[in-house]
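Trainee: Sequence:
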Amino acid sequence: IGIVGDTGSGKTTIAKLLLRLYDPQKGKIKIGNFNIKDIEIKSLRNKIGIVTQESFLFNSSIYKNILYGSEHSSFEEIKSAANESQSVEFINKLQDKFETIIGERGQTLSGGQKQRIAIARALIKKPDILIFDEATSSVDNKTEQLIQKSFFDIKKNRTSIIIAHRLSTIRNCDNIFVLRDGMISEKGTHDELTAKKDSFYSQLWNIQTGNQ
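Going by the working numbering, the first residue of the sequence shown is number 1182, and it counts up by one from there.
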């Protein structure tokens, strides 16, 4: 699922509601047939992996940063998560590989490398739901392509929710929801939405691709 909309339209609010950082004032949120208010919060959050625009990394090794929150995972599982997140290639080029200390907030890594480590951290939980909240908004186009590749490698057999400003990030989603002022104003596939020349999504796409 792709979610797009202007700043303040409610995109990140959806992620926060799913994580029960706060509850809806009315209505219900269900996963399967279960109201998430009936699920113990720790159990709910263990089933959800999230990568935000700026994921916090610790002044520790890459190994421990991926392992954070999943202390019982094996080294093989860590390597598998790193492979899925397109991280292994750059990690293996570092002098100490997985034992490399990355500094406070991952200052020795590029923005794209930090994001791929954050994706590996989310994946090692083996979550049923993955949320990418503006995960590619601060990286260059080449890095965005690498992260997009990881999206399509890891979305199998789970629900993925990709919140994005760049429409190129979500164009291959099965369904796209356009938010405006806290409401769903449009929905469909990328091709369906761009075919509607007067749609908000189509206008955004033309602006971002220079097809005005």
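What the hints contain is simulated information worked out from the structure, not anything from laboratory work.
Among the hints, a few may not be true.
[Said to hold, decoys possible] Okay, derived cross-link-like pairs now, DSS-like style, lysine-lysine, Cα gap no bigger than 25 Å in a straight line:
hint : residue 1 : residue 2
1    : Lys1368   : Lys1211
2    : Lys1228   : Lys1378
3    : Lys1197   : Lys1218
4    : Lys1378   : Lys1368
5    : Lys1211   : Lys1228
6    : Lys1245   : Lys1223
Trainee: Against each hint, give a clear statement of whether it holds in the structure.
Mentor: To see whether the hints hold, each was checked on the structure:
1. Lys1368 - Lys1211: Distance ~20 Å between Lys1368 and Lys1211 Cα, so the pair holds.
2. Lys1228 - Lys1378: violated (39 Å)
3. Lys1197 - Lys1218: holds (13 Å)
4. Lys1378 - Lys1368: holds (14 Å)
5. Lys1211 - Lys1228: holds (14 Å)
6. Lys1245 - Lys1223: OK: Lys1245 and Lys1223 at ~21 Å, within 25 Å.
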